[in-house]
Amino acid sequence: MVTLGDYLIVSGILFVIGFAGVMLRRNLIIILMSLELMLNAANLSLVAFSRFRVQPTGLPDYNVQVFVFFIITVAAAEVAVGLAIIVALYRARQTTDVNDIKSLRF
Amino acid sequence: MSQFLFWVFALLMLIFGVAVVINRNPVASALSLVVSFLGLAGLFMSLDAYFIGIIQVLVYAGAVMVLFLFIIMLLDLRAEERRRISWLSLAGGCAVALALLVQIFYVIGHLKSAHQTFPPLTRATFDDVRSVGLLLFGNYNLPLQIIGVLVLVATIGVVFLSKRESR
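Protein chains in written order, with the working numbering: chain A, 100 to 205; chain B, 1031 to 1197.
Pulled out of the complex, with its shape left as it was, chain B reads as follows:
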């Protein structure tokens, strides 16, 4: 993985991540989120995690994004009208976020292994679906079934929540 491609994908992801936060129009935010997640999928592939990258594109750029756009259009949300901005809360939020950023930089700067490059792989990872699948159905069989129950509960909850109450 060349350094150039890493920075292209990273900048794509970060710039469109900022666009998600600063766009006033929810549809523009949702579409920026798609581009940001595509950049993230590129980064996953650069880390030889092809399965995770493909899942990222399928689940986020596909399913979750359609869900977001569907809800935005169902609720007929328009660009927010320009409210009176509370400068105090804006400054406070930015200050807390900046403090978090400084802390993250500090911790990563003091991490010894952060300055090492990635050790080379001795085998290709093109069959990582097989490796992940073997682990999922072998070692992690019980968690997989619990996740299945969780998705079922989420489905029932969504149906229950979106049912119109009859009075």
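This is chain A alone, in the form it adopts within the complex:
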């Protein structure tokens, strides 16, 4: 049988993949995609816990699913704003590579 730990481990591996993408890649768009992977890994473990905590009514804990719904909404808004910032940056600098953006670097 599939246990709660299986879902949590898959979710953790997905989070680490996204984290490695943020650390290793130098393209802003790929970094944004990796951020999406991390957000979705968090969603997966939340839904797994929701299914694990069966309520007395015999249904999963729907409070968690409402929270996941909010996370998805915020993530969609974040992608829209992030891509708009990338477009504005590309107009100003003609690059999406983080190595070429040094104004704020220490």
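Just so you know, these hints were derived from the structure itself, not from any lab.
Heads up, the beta-carbon is just placed ideally off N, CA and C, and yes, glycines get one too.
It is possible that part of the hints are untrue.
Said to hold, decoys possible - Taking beta-carbon pairs under 10 Å as the criterion, some of the chain A residues facing chain B (in silico):
id, residue
1, Ile116
2, Ile129
3, Ala140
4, Gln164
5, Val165
6, Glu177
7, Ala187
8, Leu203
Claimed, not checked - Listed next, with one range per pair, are the computed distances between beta-carbon atoms:
id, chain 1, residue 1, chain 2, residue 2, range
9, B, Ala1121, A, Pro155, 24 to 34 Å
10, B, Gln1133, A, Val180, 29 to 39 Å
11, A, Arg190, B, Phe1167, 39 to 49 Å
12, B, Val1038, A, Ile200, 38 to 48 Å
13, A, Val180, B, Ser1143, 15 to 25 Å
14, B, Phe1190, A, Pro155, 24 to 34 Å
15, B, Cys1124, A, Arg152, 27 to 37 Å
16, B, Ile1186, A, Met100, 21 to 31 Å
17, B, Gln1146, A, Ala141, 19 to 29 Å
18, A, Ile184, B, Gly1178, 17 to 27 Å
Could you slot chain B onto chain A? The hints should help.
Just chain B now, with coordinates in the frame of chain A:
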């Protein structure tokens, strides 16, 4: 939910997640992201969260992905030319990610409930849209409206950011 389907969806999601990170071509990365999210939607459905699974397909595989592809093609990004790879930063990034992975495994290994299977549901969850909707418009009415304001602010911000400055 059979164990076989769980591992099929999990491996699909993880393999294409890795493909997102290692592809040099941004379009290939974006398409791998779609497949990864479809696998994730399958996992949500295996957890009896049909509403979340459908939202995942609609919002991510639909809206967000079109946005990513649109921006990639608008900026006319090509596959990155092979830069001189800094092996030090590559090794450092991999080491930090591996350390995080080890920590996650450690924590999950010491979680007592991680070894339990899911308790059975006594009712079918095919009407979970109704349950989530009742909670959204009842208990979580104020957060829902705040999220609405947030989306409005994001829309205005995007319009403002992408407006060309006239000089």
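* To do: Mind listing which of the numbered hints don't hold for this structure, in increasing order?
  => 8, 9, 13, 14 and 16
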